[in-house]
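K.L.:
These are the residues of each chain, in order.
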Amino acid sequence: MKNVEKFKNKLEREMKSGFIALLILHIISNSKEPIYGYKIIQEVNQATDGKLKFHEGTVYPILRYLQAQHFMKSYLGESPTGAPRKYYTITEQGKAALFSGLESWQNLRETLSKVFESLEVS
Amino acid sequence: MNKHPEIRHYLREIEKELSDMDSDLKKSIINEINEHLEEKFHFIESPVPDSEVKAEDVKKILEDFGEPKEIASEYKRQLLDEKESFDKRKKSSAKVIILVLALLVIVVFVIIAGLFLLGEDKEEADSTIYEGLGLSSIQIGDDLNKVLDTYGNPEDRVDSGNTIWLDYREKEGIDFLLNKQSEEITEIRFNPGFKGSLKNGITIGSMLDEVQNLSGGALNSTRINLSESHDYTHGWDRVLYEIVDGTGDTVSYKFIDAKKGILFWFDSSGMSTQIVVFTPF
Chain U
1 MKNVEKFKNK LEREMKSGFI ALLILHIISN SKEPIYGYKI IQEVNQATDG
51 KLKFHEGTVY PILRYLQAQH FMKSYLGESP TGAPRKYYTI TEQGKAALFS
101 GLESWQNLRE TLSKVFESLE VS
Chain F
1001 MNKHPEIRHY LREIEKELSD MDSDLKKSII NEINEHLEEK FHFIESPVPD
1051 SEVKAEDVKK ILEDFGEPKE IASEYKRQLL DEKESFDKRK KSSAKVIILV
1101 LALLVIVVFV IIAGLFLLGE DKEEADSTIY EGLGLSSIQI GDDLNKVLDT
1151 YGNPEDRVDS GNTIWLDYRE KEGIDFLLNK QSEEITEIRF NPGFKGSLKN
1201 GITIGSMLDE VQNLSGGALN STRINLSESH DYTHGWDRVL YEIVDGTGDT
1251 VSYKFIDAKK GILFWFDSSG MSTQIVVFTP F
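Those protein sequences? They're chains U and F, same order as listed.
Our numbering puts the last residue of the first sequence at 122; the count rises by one with no breaks.
Our numbering puts the last residue of the second sequence at 1281; the count rises by one with no breaks.
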């Protein structure tokens, strides 16, 4: 059973990571103003009604990855807490990545639905 | 660094987990996490002084953020993806650079080869003297502009009587005679320095015997004593003139083959010093 638990954790981690990356791009893309890390996490929670369980700390490595891929740009701006905040905006490449990711997600969802339609999860 | 000891401890734990990472990157990650935690504290701290921040709040914030090991592992995983992507881009860039360099080498090679071949063609084309014609690039009957376009400004120009003389002997080993009225070439003269020959191999420096043999020999020969006459009109069809001075010593030779439109000047030793091409008659 330990293996099953490990498998489930691994699966969830991998699926979440991809999904959160896509969600981050979606949130930044739809944000009317530059958005910072903490706010992004709040928006992810809000968008998923808190149903997507994830540790906040896992979002920052994803933000770094997306920025390294030139999907986002960042700059340091003012913050009421004193320390400067890192604000993010999406790039054209990021928009293309979001569109492409959503397409993949759609295809994957359809494929999985077909494959697993006969299975019922209790 | 953060003012809460629990947070500082937490950050140190993450730092330990990232011990194999570049120190600048590690520092940047710790700052990033600290900023987030500060942000969260700001929201819960606002209404209460530091001393009254509950230990449960700190615990909750850290729990929400994740275990140091998990966070460090996620950073490593994402940064590894980034590194792999960077490495791929680097490799891809290297491939592109190699390809571009290879193409560049090919292009340069093709250009050099082209220039070389063109040069060879040009040299071959411009180095063959055609009897009665000249060179393939410039011939009897071509006009002044053609000469100037081909060779540029002459080293010397003399307008005399009905003739224009254009001198390119130093650079090209060639000079031209043109009719002043029509401005058309009437004679092309090849001198020492001209790197070329007739198709039969005769060139500047060829010997009189060789020229005679290859031309079928003189049909007539005559001797001109410069102290008596400068009249070379003793025939045109394969006539050999021997020019002597007042003492009877040979000064030069001239062999003319008017039917082919060519004549040769030789020095006293019988070595060709000039080849002249003109319209055959």
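I should point out that these hints are in silico values taken from the structure, not numbers from a laboratory.
Wrong hints could be hidden among the right ones.
As the list claims (entries may be wrong) - In silico contact screen, one side only, chain F against chain U (beta carbon under 10 Å); selected entries:
no.: 1; residue: Glu1063
no.: 2; residue: Leu1214
no.: 3; residue: Trp1236
no.: 4; residue: Asp1237
Said to hold, decoys possible - Non-contacting residues of chain U with respect to chain F, defined by C-beta distances greater than 10 Å in every case (computed):
no.: 5; residue: Asn3
no.: 6; residue: Thr58
no.: 7; residue: Lys73
no.: 8; residue: Lys86
no.: 9; residue: Lys114
Every value quoted in this text rests on a predicted model; they were computed, and no experiment measured them.
Idealized CB from N, CA, C, for every residue including glycine.
K.L.:
With reference to the structure, classify each hint as holding or not holding.
P.N.:
Hints and how they fare:
1. About 8 Å separates the beta-carbon of F:Glu1063 from the nearest beta-carbon of chain U, less than 10 Å, and the hint is met.
2. Interface hint status for F:Leu1214: violated, as the beta-carbon distance to the closest one in chain U is roughly 76 Å, over 10 Å.
3. Annotation: F:Trp1236 was flagged as interfacial toward chain U, and the flag is violated, the nearest CB pair being 84 Å apart, outside 10 Å.
4. Here the hint on F:Asp1237 is broken, as its CB sits about 85 Å from the closest CB of chain U, past 10 Å.
5. Against the 10 Å criterion, U:Asn3 stays outside the reach of chain F, whose nearest CB is about 19 Å from its own CB.
6. At roughly 5 Å, the least C-beta separation between U:Thr58 and chain F is not larger than 10 Å, which violates its mark as non-interface.
7. The beta carbon of U:Lys73 sits about 16 Å from the closest Cβ of chain F, which is more than 10 Å, so the claim that it is off the interface holds.
8. At roughly 7 Å, the least C-beta separation between U:Lys86 and chain F is not larger than 10 Å, which violates its mark as non-interface.
9. No beta-carbon of chain F comes within 10 Å of the beta-carbon of U:Lys114; the shortest separation is about 29 Å.
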